[in-house]
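Visitor: One letter stands for each residue in the lines below.
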Amino acid sequence: MDITATYSFAAPPSEVWNLLMDPDAIAACLPGCCELRPLPALSGVEGGDDRYQAELIIGVAAVSGTFTATIALSDKVPPHSYRLQVDATGKPGFAHGSATIVLSAEQNGTLAHVTAAANVGGLIARVGQRLLEGVARMTMDRFYGCLAKRVAGAGS
Amino acid sequence: MYSADFDYHRARSLADAQRLLAAHPGAKLLAGGHSLIPLMKLRLAAPSAVIDIGRIPELRGISRSGDSIRIGALTTHAELAASADLQKSAAALAEAAGLVGDPAVRSRGTIGGNVAHADPASDLPTVLVALDARITAVGPKGERTISADDFFTGIMTTALADDEVVTAIAVPASVRGQGSAYVKFAHPASRYAVIGAAALVSIANNRCSGARVALGGLLPHASRVRSVEKALTGKPLDAAAIEAAAALAQADLGSNVAGDIYASAEYRTAMAPVYVKRAVAAAAARAGLA
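Protein chains in written order, with this note's numbering: chain A, 1 to 156; chain B, 1001 to 1290.
Any given hint might turn out to be false.
Chain A stretches covered by chain B per the calculated footprint, using a threshold of three residues with CB under 8 Å from any CB of chain B [as the list claims (entries may be wrong)]: (1) 8 to 20; (2) 61 to 70; (3) 133 to 143.
From the structure, some residues in chain B lie toward chain A, with a derived Cβ separation under 8 Å [unchecked claim]: (4) P1047; (5) I1155; (6) M1156; (7) T1157; (8) P1220; (9) D1260.
Sample of chain A residues lacking proximity to chain B, with all beta carbon distances greater than 12 Å (derived) [claimed, not checked]: (10) A5; (11) D24; (12) C34; (13) D50; (14) V77; (15) P78; (16) L84; (17) P92; (18) C146; (19) A152.
Don't read these hints as lab results, they were simulated from the structure. Heads up, the beta-carbon is just placed ideally off N, CA and C, and yes, glycines get one too.
Construct the entire structure; sequences and hints are all you get.
Guide: Set out below in structure tokens:
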């Protein structure tokens, strides 16, 4: 399942970059999230990746489940691009998502181009197949939409 | 699979339902049970309590009042499909209700439960948006009415608050020169709409004097295709004009189309104008007969 989307932020790339790397902002904007617990960086990587663990509630309305997720920010080229990896497992199944985010400056702010690939399995994939893409897209829209609002809020 | 444990409460009246909702946070309302119960049996939904509103008499029935038709929230799909009032004055709704799922679903499933559940692949929301229906709900702060346009906000997400109960849906009765229709590309196994298209057209002096066209099944929620509506207005509704207007549906859909393993977003986007065209042509034919 591949999803691409573009989100606009009312701030220059450097400011958007700081927000996208900020664990508190990520935690506040991830749907159904709480706090990010830092995990040790993977060994052998210069500077290490930013890795976190969190409990997420993913889904819509009555159809949602609690997942334990690992969230990693890697391949960072500030303030231009990075990779966001989310690996979530829970009772209803698992979801592995990987996205490349590329920031580009535009006249009134920044555009974030997101190219994501997700792999969902288990019960939720067997019985919820027809809703998966829509829910994945909605979750992504909520996350980046929320971050964009934080930028707008900080600027005013 | 058995559902997770839950408490069962039966509401005897609307006031009783509201009292139970207030007393049991996290409870789900149960009407016909043909969306909620399967989700609970799959354990994708596990409400702590279920409040059965299925036997409240005041929420049943179809009645004509002035220029609109009031449909009680507990009216089943089978009752909608069989209603002579709807067949005559809101043809698309009777038509869509007859295409929902299978006979068991149509005999138990209700219009109120259908709109509150707001499955993106459901049939009735698409028709209700096209017909400019109004949904009435009651909550602790009293009664309010929401247009179908504003009611559906996302996948299984609506403008309803947790403590509100849908009581009725009102659809304007079509007048002379108006016609409506619903056509769908049904998934062969589930009968859910891969694409559903609903149209309401008004014809005066052999030209389209107004149109409302909505698509569902391929979007997070049923939505109007306003470019198509605009292109139809003022035109004689011949095959060429309908086809040209329907082609604009793709622009309205943008990047909001979701696919699945059965039908990709690209495929659905390509098919949308075909179903829009069929719905508008069928509605125009009915408008001519009316």
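Visitor: Against the structure, test the hints numbered earlier, and report the numbers of the ones violated in rising order.
Guide: 1, 10, 17
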